[in-house]
Each structure stands twice: as C-alpha cells, then as structure tokens.
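2 protein chains.
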Amino acid sequence: MHAVPKATSTAENPNPSSSLSRANLRDRLDVIPSDPTSSSTVTAASSTIPKPNLSKGSAQLNRWFRARTIRSGRRLERPVQTNNQEITIPPASGSPPRVVEVSDDILSSEEDDAKKKKIYMVSDGTGWTLEHTVNASLGQFEHYLADYKACAVKTHLFSGIDNPKSLVDILKQAAKDDALLLYTHADSSMSESTKQACQLWGVPSVDVLSPTTVAIASYLGVQPSGISRNIPLGEEYFRRIEAIEFTIKHDDGAFPQYLHRADIVLVAVSRTGKTPLSIYLAQKGYKVANVPIVMGVNLPKTLFEMDHQEKVFGLTINPTVLHTNRTARAKALGFDHAMQITYSEMDHVRRELEFAGKIYAKNPSWPVVGMTGKAIEETAAVVVRIYHEKKRKCSMPSISKRY
Amino acid sequence: MHAVPKATSTAENPNPSSSLSRANLRDRLDVIPSDPTSSSTVTAASSTIPKPNLSKGSAQLNRWFRARTIRSGRRLERPVQTNNQEITIPPASGSPPRVVEVSDDILSSEEDDAKKKKIYMVSDGTGWTLEHTVNASLGQFEHYLADYKACAVKTHLFSGIDNPKSLVDILKQAAKDDALLLYTHADSSMSESTKQACQLWGVPSVDVLSPTTVAIASYLGVQPSGISRNIPLGEEYFRRIEAIEFTIKHDDGAFPQYLHRADIVLVAVSRTGKTPLSIYLAQKGYKVANVPIVMGVNLPKTLFEMDHQEKVFGLTINPTVLHTNRTARAKALGFDHAMQITYSEMDHVRRELEFAGKIYAKNPSWPVVGMTGKAIEETAAVVVRIYHEKKRKCSMPSISKRY
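Protein sequences appear in the order of chains Z and W.
In terms of full-length UniProt numbering, the first sequence is numbered consecutively and its last residue is 403.
In terms of full-length UniProt numbering, the second sequence is numbered consecutively and its last residue is 403.
Simulated from the structure, these hints should not be mistaken for laboratory data.
Each residue gets a CB set at the ideal place from its N, CA and C atoms; glycine is no exception.
Hints are supplied without guarantee of correctness; some may be wrong.
[Claimed, not checked] Here chain W is said to cover these stretches of chain Z; the calculated rule only asks that three of the stretch's residues, wherever they fall, bring their Cβ under 8 angstroms from a Cβ of chain W: (1) 121 to 135; (2) 155 to 168; (3) 258 to 269; (4) 273 to 281; (5) 288 to 301; (6) 366 to 375.
So that you can see chain Z by itself, here it is in the shape it has in the complex (with noise of 0.2 angstroms):
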C-alpha cells in the first residue's frame, strides 16, 4: 500500500437528490456505506504505515541531478522537494475486491509485465488534461524514467467513463495491479465512489482536477456544473479551426501574397523546424505562415512589405544540430549522394545559417528565436509571449485571454 497525498476531500453534505445514483454504485461496488470520517488524515511523520523508501536509485539520482543541473547552468545547492505532506491513507481494513477476469496484454503475468508500475487515468472526457498533467509530472522523475532496468512505468487512459459499471471494472484491476489512480470526474457522485472504492481497496488516488476547480467555484461564487463537459464549439473554437486550415495552406512558403493575413510568420532556412512549430501554433489558434530561407532565392517582397514586421520570427539553430538533421532527412527522402552533399555538407550549412543571420540583421524587428536541443512547445511558448508582449506593449508579459 502506498501513502497517498490529500488531494481529494469528502463532500459532507451530498445533494440528497444524487443518494439514488450512489446507492447503485454502492451495490456494483459491494460496498457498506463507509462513514466519511474513517479516512484517516496524517502526516507522514506520523504515520504507523511504513513511509515509502525514497532514497531508491539515490546515488544514481544525485548523480544525474549534479549533471543536470552543471548542464542546466544552475548553482548545484538548489535542493531536492521534500515530500512531508499531508496523505490520506486507505484503511487497512475492508473486503479484497473482486477482481473481473480480463485476459488483456497490459494484465499479463509475465514477469517482465509484474515489474512494471501502472498509472490508471480515468477521465468522463476527452482524458487529454489528465494526461497532460501526468506527463507534466512524470517530467520530473525523468532520472528514474530514463532507467528502463530500473522500473518502466506504464500509463493507462480510459477516457469517457460516465457510467458506474465501466468506473467499477476499471477500479477493481487498478486494486489487482496495486495502480495509482489519477481521474477526474465533473459528476460529484462519481468522483465521491471514485473516492471510497479507492479507500476500501487500498488503491492510491488522486482527484487531479478537483482543486482547481473547487478553488475557481469558491472565487466566482458559482457552483460548477457538475456535468461532464463537452468542449464548448464557440467562436474561439471555430477559430482554432480556421487557424490550423490557414496554417497547413501556408506551409512553405505557400501563397506569399497572403502573408499580410498571418497573425504570425516564421521565417528560417530548411529542417530548422518551421512547421511543426508552425502547426503547434495552429492548434493554440494563431494563423501561422512560415517562409523558408534558400541560399539565391529572394525571400517573397510580401513579407516586407506588410506593415506589421513585429510579427514575423526568425529561427535559428546550431549548425551541427542543422546538420544532423539533414542527414536524417536526406536519407529518409532517399537522395542520392550529390544532392545529399549539397544539401547536407557542414560547410554549406553554416553559410545558409550565415546568409539567414544576415537577413535577420537587415530586419531588427524580427524576433529571433533559438530552436537548439528545445521541444516546439517550448519555443512556441516563446513565440507566444513575445507575440503578446509585442501587441500589447506591457511590463507585465502574460498571455491573456477572456472568458
């Protein structure tokens, strides 16, 4: 059994009206109606349960820390997060479930399988939040993540599960595979079950959403919904969609003669990384065009002529990066030796990156925005803030947005 944060908490008073729907699931459960005081709240120094043996991979851990943080240019006394919280631990006590028989690779008893610890994410939506927000904290075991020997770590997305039976089956092999649990539920009944079939069942869980919701209801004084949510179709989202059509039209230098309707143009010499970055962009709801740099070819006059240059990016990259990635490309495409030399061959690509660096001298209101060893969302986070700090000429540099 695993010690478990405080993250979800019990709603006292539930809305008589959803008593129907929960003594259902108490019924699907086998559950004896608990009393919502039984869960224990306290801090793991004083816990009578043993506390989870962090020191773990330790050496290899500071070993890694110390590396990453010399590469990361940060002073090495930065410490690593203590973790004395507060944690609910599940009863010891309560009937083991009963587990249904599924005959599934992921349910395996092979003993590479058995090594493997499972992260159960159950959503009533899409599921895309929860497993940005795992992701995002997976990101910080990376040390341990990298170390497939060590423990691989298996991530399972149910997403869409509104219904008590598809909850319940999912629960009870969360219980055989001794899973974390992570979900969100809009439904409080659901997530009220969610949370005391995890309590009986020794399952460690976590209600990701909750807070911030709970914290946003309290601050507009409005109660949330409670209803799975559809992803509202407005005029934001009609324009996300415009934006990605937009985009995929002015890929690569594409119809030049629309630059002007652009939000905002990238400009940089092949396998830079303009169209992912571009696409990415797209999706967030900007009209992204992007315009590639080709040693002796005029960039189109389209692009200086518009009266917003503030808007248009330049990338840059380091040139042995630039030249790896040709490489790979020119293989994938299949060219053949000549061409690949022409395209590929260090020296001209650090004369192209040059000729780039020129142009972007020419023009000071570019924007120019290193792309080496960051992932597009990275970068597009740049491009974004820079975009917004830019229209909005503040000294506050968020990104705002009304709802």
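Using the hints, position chain W against chain Z.
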C-alpha cells in the same frame, strides 16, 4: 478574501541547503519567516470567515443545468456538486504588499476592467499544462461565463517564471487585482515561497501539479527532481514531429501511394473536419492521411489494397450542419453563384452523404465516427480509443503508453 481548498501542503523539514535562496526570496517578499503551522486547515462548515456566496445566479444556473441535462439525455436527478471541502484560509493579518507600479492594459482601473475576475497562472515551464487544467475547470462554469454581463473572467498566463524577482512582481500584482493564483513550480523553494506570500497577502491559490507529483513520488518511491522540466527530446518526441510532417504531406488525398504508411486514414466528404482532426491526431504522434469522398470520383485503389483495413475511419456528419459549413466555406472562398449551389445545395449535400454511407456499408471493417456537434478533441479521443482497442484486441479499452 476567498476560501481556498487545501491543495498545497507545507514541507515541514525543508532541506537546509535551500535556506539561502529562500532567505533571499523572503527579503524580497518582506515576509517574516512564518510558522508552518500557522496556516489553518478547516472545513467550510466550521470556518469563521463568511462562506463564499454560491447562490449567485443560481436560478439561471438551474435553468441552464436542466436544459443542458435534458439535451444530454441524462436523468435530472444528477446533483450539482457540493463544495464542503477542506480549505486553507490565508491568515487575515500581515502587512499589505507593496505593489509594483505597472501601466498595463490589464491593470487599468477602468470600470469595465474592474468587474472582471482575474485568474493568474504562473508556471516555471511553458504553462500549457496549467492552461489545459484551467480550461478544463472553467468548462464547469460555462453557465456563468456564457453570461458576460454577470462577470467576465480573464486569465493571465505567466510562463517561464523561474526567478524570485519575476515571481514577486506577479504575486504583488495578483494581490492588487484580487486575483486567484494557480501555479506550478518544480522547485520546492519557489512553491513554498509562493504559498507563504499568498497566505500573507490573502491571495487564494492552488499548487495545481503538486498533488499529482507527490502521489507519483510516493507511488514510485522516488523523489521528484525539483528541476524545471524541459520537454524531453526523446524517441517519442521525434516520432510526433515526423507524424506532423507526414500528416501535412498527406492532407486531402495527396500521395495515395503511401497510404499504407499511415497509422490512421480518415475518409469523408468535403467539410466534415478531416484536416483539423488529422492535425490534432498528428500532434498526438499518429501518422494520419485523409482522403476526400467526391461523388463521381473513385477512391484510390491503394486504400482498399492496404493490409490493415481497420485503420481506415469513415467520418459522418449531419447534413444540415454540413450544409452550413459549406455555405460558410463557399462565402469565404468567394465562389460564384453557380459553383456555390453545386457545392452547398442541400439536396446535393444529402446525396453526397448517402454516397459516402454506401461506401462505408461496403467496408464494414471501417469504424464510422460522427462529427456532429463535437469538438475535434472529442472525436480524436474516440478515434484514438478505437485505434488502440483494435490494435490490442483487449477488453479494457485504455490507451497505454510505456515510459
């Protein structure tokens, strides 16, 4: 002052090595070191501060709730979520913060702006996870937000906040704006400082990612690294980039000879939403090709010759919605009247959808996904779930990933 749910917890044994940076931050914050036990954990029922008024707009909410429930085909006895959760009340005492002077449009004292509620989102990374979470939570307040006159909500995303100076400026502004603060910091000393400053200045706040990270740490028995996460540029990352490039190249029936290389092939008549759906799936790492169905034009032979027919998805849509989409499109493209009639006329729309239906009937291994009234994210979730179900032939329909 607003009640906030207990989402962050105090690290009671902070690592001594963190004292330097924390001391620095305290100087900046003008905060006397606070007793970690001073944050009072109470339930709303026993709270001495006034409970937030949750009845505001409740008649309207109830109407909206009933209407939406009926539309969604659910029973009406579903309860509105109750809100009696454990909350942390920032102590009322403490010197008011010295607020930085910022001449910013979001900070203007115009009457219109003063009415807005402000949600500040502060992240040491890109902030996208935080934005996803807040969007998902705000989906629970659609009924309130739809009525702009009641009270608009403005969100402000501050990304890449990795130094105390910027953090302090934002926290002070949040206090001045009576904002709700949602934050994620990998560095525990930054989290702790944020929490203390918010308590001192009466800013309601939630550490959004912490419950998940703490649960995973406890489950894996490993400490989180505490280092602001870069998105790892591993194999999966480059697979996603490749998927985006593949998908753009294979939009709208291009290069049908390579259909067999796609993970997913979408087939539908024009304006059903093939392109944005393809792009969304590509961002998730799936190579997608989409093929238009046009009356009188044969689908490419390669589509039927592929080994894995189950990776082909037919899309369908309500004829009235499709007609509306097409009329809008025809206008946007400036079609002349004759062409517009062929493309968008209702009878033609119906016949084309029937034609598509016949193709789907002849290919029963193709799942058919309805696009009417759903966001791309929602149909993508359906496609991905079916894709994994078919691939794994399992009875627990999850999307599984190994880390």
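TODO: Mind taking a look at whether chain W covers the region 366 to 375 of chain Z? Criterion is 3 or more residues with CB to CB distance under 8 angstroms.
DONE: holds (count 3)
Open item on the list: Count the residues of the region 258 to 269 of chain Z whose Cβ falls closer than 8 angstroms to any Cβ of chain W, and tell me whether that reaches three.
Closed with: violated (count 0)
Open item on the list: Cut-off 8 angstroms, C-beta pairs, minimum 3 residues; does the coverage of the region 273 to 281 of chain Z by chain W stand?
Closed with: This one holds; 5 residues, not fewer than the three required, reach chain W with a Cβ under 8 angstroms.
- [ ] Three residues minimum, CB to CB under 8 angstroms: does the region 288 to 301 of chain Z make the cut for coverage by chain W? Let me know.
- [x] violated (count 0)
Open item on the list: Is the listed coverage of the region 155 to 168 of chain Z by chain W valid when you require three or more residues with a beta carbon under 8 angstroms from a beta carbon of that chain?
Closed with: Holds: 6 residues of the region 155 to 168 of chain Z have a Cβ under 8 angstroms from chain W.
Task: Outcome, coverage hint (the region 121 to 135 of chain Z, chain W; C-beta under 8 angstroms; three residues) - done: Since 9 is at least three, the answer is holds.
In the structure shown, a violation is registered for the earlier hints numbered 3, 5, in ascending order.
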